[in-house]
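All chains should be built: construct the whole structure from the sequences, respecting the hints.
First to last, the protein sequences are chains Z and G.
Be aware that the first sequence starts at 228, since it is given in the numbering used here, and climbs by one per residue.
Be aware that the second sequence starts at 12, since it is given in the numbering used here, and climbs by one per residue.
By construction, these hints were calculated from the structure, which means they are not laboratory data.
Model, not experiment: these values are computed from the prediction.
Beta carbons: idealized from backbone N, C-alpha and C, even for Gly.
Worth double-checking, as some hints may not be accurate.
[Stated by the list, open to error] Heads up, incomplete: computed chain G residues facing chain Z, CB under 8 Å, no partners named: (1) Lys82; (2) Ser111; (3) His113.
[Said to hold, decoys possible] For lysine-lysine, the following PhoX-like pairs were computed, each having C-alpha atoms within a straight-line distance of at most 25 Å: (4) Lys349(Z) <-> Lys337(Z); (5) Lys337(Z) <-> Lys82(G); (6) Lys337(Z) <-> Lys100(G); (7) Lys140(G) <-> Lys337(Z).
[What the hints assert, rightly or not] Between beta-carbon pairs, the in silico distance windows are: (8) Pro83(G) <-> Glu351(Z): 34 to 44 Å; (9) Asp30(G) <-> Gln322(Z): 34 to 44 Å; (10) Arg114(G) <-> Gln331(Z): 20 to 30 Å; (11) Arg344(Z) <-> Thr147(G): 15 to 25 Å; (12) Arg94(G) <-> Gln282(Z): 33 to 43 Å; (13) Val110(G) <-> Glu351(Z): 15 to 25 Å; (14) Arg312(Z) <-> Thr165(G): 39 to 49 Å; (15) Arg35(G) <-> Thr301(Z): 16 to 26 Å; (16) Lys157(G) <-> Asp335(Z): 42 to 52 Å; (17) Val91(G) <-> Gln285(Z): 36 to 46 Å; (18) Gly333(Z) <-> Lys157(G): 51 to 61 Å; (19) Ile103(G) <-> Gln322(Z): 15 to 25 Å; (20) Arg36(G) <-> Arg300(Z): 23 to 33 Å; (21) Gln282(Z) <-> Val34(G): 33 to 43 Å.
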Amino acid sequence: MANQARTEIQKTDRAGVPTVAEQTRSGAVYSPAVDIFENDNSITVLADMPGVSAQDLQIDLRESVLTLTGRVRTPERPTESDVLREYRSGTFFRQFTLSETINQAGIDAKLTDGVLRLELPKVEKAKPRQITVRTS
Amino acid sequence: MLVRRVWPSRPTFDSPFADFDSVRREMLRLLDSAAGAGDTFGDVGAGVFPPMNITQDNDNFYVRAEVPGIKPDELSISAVRNRLSLAGKREIQREHERVSYHRRERAEGSFNRTVTLPTEIDADKVYAKYTDGILTLTLPKSEEAKPRQIKVRT
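This is the structure we're talking about:
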């Protein structure tokens, strides 16, 4: 173990989100941690949303604003009393503005073990093209 | 290794000041947010991954930990007497293609956490379940630790 550098994972404090519109459902709103990267063909979003099942996750893309909303159902039964509470269940909410045009039909979303993987393929015309300069 | 006592000051009784304490915490949180200390919902915690919630009823303790993106077989869970250890590693897959990152917030690394429960548990009957990135452990209290109804004879 000595020759292998081990990085300890850090617990990050969950950030509360000031939502754009007022909430109709009571409860806390949290911002999920995300990775976003892109290559020539698509933009990929990875989001940590522990406790969200596929039917409670909403992904919305309109006017180049991507909205992720995931609701966490409280898992505790009413008979249980708290001993230690380090995290709270609420709604995960996050919005992004996308600068590229997305091929809506090709969007693919997968939720495994509380992590969302969202593939947003770019439309053909937004892909970079090599331009050759002709000499006269 | 980090050992955290879950219930340092009141091992068996509910303190009469328990409610007072939660009000005080609530007040501190309010003051923190008013002072602009951020919107993090200041929970009491060891600041160690993974965040855990522990609850109990008469028969069991329930431990819930947020461990998104970790395969259940990569988690190592062990329980001895009144101690529960949770260790594992979270790896984020490298992307093969040439990509450029816009955000990189998800953390990776290994973790090893031990919590001490208020009473002893029956380590043979611990039951673990993993759904949607949440690990739920049901830890039956040992027979001696269970609350008993005492009948008053007349």
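The hints, checked one at a time:
1. Lys82: holds, 7 Å
2. Ser111: With Cβ-Cβ at 6 Å, under 8 Å, it holds.
3. His113: Cβ of His113(G) sits 4 Å from chain Z, so the hint holds.
4. Lys349(Z) <-> Lys337(Z): holds, 18 Å
5. Lys337(Z) <-> Lys82(G): With Cα atoms ~16 Å apart, Lys337(Z) and Lys82(G) stay inside 25 Å; holds.
6. Lys337(Z) <-> Lys100(G): Within the cut-off at roughly 22 Å; holds.
7. Lys140(G) <-> Lys337(Z): Roughly 21 Å between the alpha carbons, so the hint for Lys140(G) and Lys337(Z) holds.
8. Pro83(G) <-> Glu351(Z): 34 to 44 Å: Holds, since Pro83(G) and Glu351(Z) (Cβ atoms, about 41 Å apart) stay within the stated range.
9. Asp30(G) <-> Gln322(Z): 34 to 44 Å: 38 Å Cβ-Cβ, so the 34 to 44 Å window holds.
10. Arg114(G) <-> Gln331(Z): 20 to 30 Å: The hinted range 20 to 30 Å holds for Arg114(G) and Gln331(Z), with Cβ atoms some 22 Å apart.
11. Arg344(Z) <-> Thr147(G): 15 to 25 Å: holds, 23 Å
12. Arg94(G) <-> Gln282(Z): 33 to 43 Å: holds, 37 Å
13. Val110(G) <-> Glu351(Z): 15 to 25 Å: holds, 19 Å
14. Arg312(Z) <-> Thr165(G): 39 to 49 Å: holds, 42 Å
15. Arg35(G) <-> Thr301(Z): 16 to 26 Å: holds, 25 Å
16. Lys157(G) <-> Asp335(Z): 42 to 52 Å: holds, 50 Å
17. Val91(G) <-> Gln285(Z): 36 to 46 Å: Holds: the Cβ-Cβ distance is about 43 Å, inside 36 to 46 Å.
18. Gly333(Z) <-> Lys157(G): 51 to 61 Å: With Cβ atoms ~56 Å apart, the hint holds.
19. Ile103(G) <-> Gln322(Z): 15 to 25 Å: holds, 23 Å
20. Arg36(G) <-> Arg300(Z): 23 to 33 Å: For Arg36(G) and Arg300(Z) the Cβ distance comes to about 25 Å; the hint holds.
21. Gln282(Z) <-> Val34(G): 33 to 43 Å: Holds, since Gln282(Z) and Val34(G) (Cβ atoms, about 37 Å apart) stay within the stated range.
In terms of the numbered hints stated before, the structure departs from none.
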